[in-house]
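Order-wise, the sequence lines are chains A and B. So for the first sequence, this note's numbering puts the first residue at 106; every next one is plus one. So for the second sequence, this note's numbering puts the first residue at 25; every next one is plus one.
Bear in mind the hints are in silico, worked out from the structure with no lab data behind them. Don't take every hint at face value.
Heads up, simulated DSS-like pairs for lysine-lysine below, C-alpha to C-alpha not over 25 Å straight-line [claimed, not checked]:
#1 A:LYS272 / B:LYS91
#2 A:LYS287 / B:LYS38
#3 B:LYS225 / B:LYS170
#4 B:LYS147 / A:LYS286
#5 A:LYS287 / B:LYS170
#6 B:LYS147 / A:LYS199
#7 A:LYS272 / A:LYS286
Keep in mind it's a predicted model, so treat the numbers as computed, not measured.
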Amino acid sequence: MRINPKYTQWGAVTILTSATIFTILILVFIIFFILEKGLPVLGLSFLTENPQEMGKAGGIFPTLIGTIILPVFALLIATPLGISTSVYLAEYTKETRITKVIRFGTDCLAGIPSIIFGLFGYIFFVITLGFGWSILSGGLTLAVMVLPTIIRTSEEAIRAVPNSYRKVSFSLGASRWQTVKKVVLPNALPGIVTGIMLSIGRSIGETAAVIFTAGSSLRIPSSVFDSTRTMAVHFYILAREGISSENAYGTAATLIIAVLFVNLLAYYTMHRFIAKRS
Amino acid sequence: MEKQSSAEYIINIKNLDLFYGKFQALIAVDMLAQKNMITALIGPSGCGKSTLLRCLNRMNDLIRGVKITGKIEINNLDIYSKSTDVTELRKNVGMVFQRPNPFPLSIYDNVVYGLRVAGIRNKTELDEIAEKSLRGAWLWDQVKDKLNHPGLELPLDQQQRLCIARLLAVQPEVILMDEPCSSLDPIATMKIEELMIELKKEYTIVIVTHNMQQASRVSDFTGYMLLGEMIEFDKTVNIFTRPANKLTEEYISGKYG
């Protein structure tokens, strides 16, 4: 028996639409749930005051600093390294067994649970290199953790740049590096920025890799050798130790708003850049 | 092949073989192209005419597994010798591609791309060459008031002339054209053909075309290629009125191709 295509079409649309609505509802529910519990404690004093009694009272100011400084530190290291590697992989090497191994390796690294990176960072940066629990150790660990994401998304973006641009550039006497700099990278930028955004999001929300490497000090750090605590770690400690669920949700709400803000800012900057170029 | 002893040959291809891996795409090709003349390469798809064209500015280097034997001299310099600077060669032997392919940049930035790559930063110099190149490609009057507009906003035929202007800016001697009109309508095609005839006063042009009428309209010399071989090379009038080879005759009379 054949089913009328009209019905299968109707069925497909119904299933796809409900799946989409369901997904969005879950997201909205989570955000709403956390904001509802967190917003009441959120206020200017919550953001600007130091915590008291391990976070039971007071604000979250030091964790704001930690949340900004760790991802920035990590991305400052990972972005140039990652983009350079992706340019090398996409533009400067022929597809050989070695590049396949490198690509497979980065894919595997991207899938490793972050606690493994935390453990690695603890053993290597904190103990072996003697950096201690510090912004330095935490930032380096986060950099290692997000590197595969940056490499793979940048590589895909670079490969998506039409080959005709490269051909024209070469035919006008440009070297490969000039072509990369003037044609390939500007056109791959939106994709590269997406990878960096994902990485910032991952670093901001990371706990396992950070708690073992940057520690959880509530003091405001004065150098990269000081320990710090991020909002995500603060939330984890508040909730796990049962210190204060109000302040835990307040921290979570701040975190969600911060991630949203960073994303909006990045997309706005990118669109400005694209609009300016074309 | 009729030779004029007084003629100045700028391109000299001798016994050229080209392999894509194991497949031989060009077989013992010989060709001479005269200065300030238009040389057309015709033949059915896959005959090797575009491959031959890409040998002249070494664009085939970008394709993996290409092996070349034989010799190509441009201005008496062996372009495949180890001492050849490929960058300089490509500046001297420019290329217009099948599809108009401006960069997603402004008209001005497109035209001066090659100059900037060559390290020219002087604004007045860039402006001068940009205007001269756009005039040379018959595009100045259409775009002089909107040099900051995106090149991709122009109609297709103007885009192709923008690509020609971008090429003229680096001051090549030879211009290679790989089916430059295949994505244009007949009126735009006519305009590009007129432009080519104007350009040959200063440049030497080699064009690959599918369109036999185009070859007969614009070119001074024509080479007919089939399955990687140069079947016949002669003055265009001879090729189209009294071809020496039976295969050429069959092709131009439309028996195949």
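Pair hint LYS287 (chain A) and LYS170 (chain B), alpha-carbon separation not exceeding 25 Å: Roughly 22 Å between the alpha carbons, so the hint for LYS287 (chain A) and LYS170 (chain B) holds.
Hint consistency between LYS147 (chain B) and LYS286 (chain A) [alpha-carbon to alpha-carbon, up to 25 Å]: holds, 21 Å
Restraint status (C-alpha distance of LYS287 (chain A) to LYS38 (chain B) at most 25 Å): Not satisfied, since the Cα-Cα distance of roughly 37 Å exceeds 25 Å.
Given pair status - LYS91 (chain B), LYS272 (chain A), alpha carbons within 25 Å: holds, 19 Å
25 Å limit on alpha-carbon distance, applied to hinted pair LYS272 (chain A) and LYS286 (chain A): holds, 14 Å
25 Å Cα cutoff - pair LYS147 (chain B), LYS199 (chain A): violated, 38 Å
25 Å limit on alpha-carbon distance, applied to hinted pair LYS225 (chain B) and LYS170 (chain B): violated, 29 Å
In summary, the structure is inconsistent with hints 2, 3 and 6 from the numbered list given earlier, while agreeing with the others.
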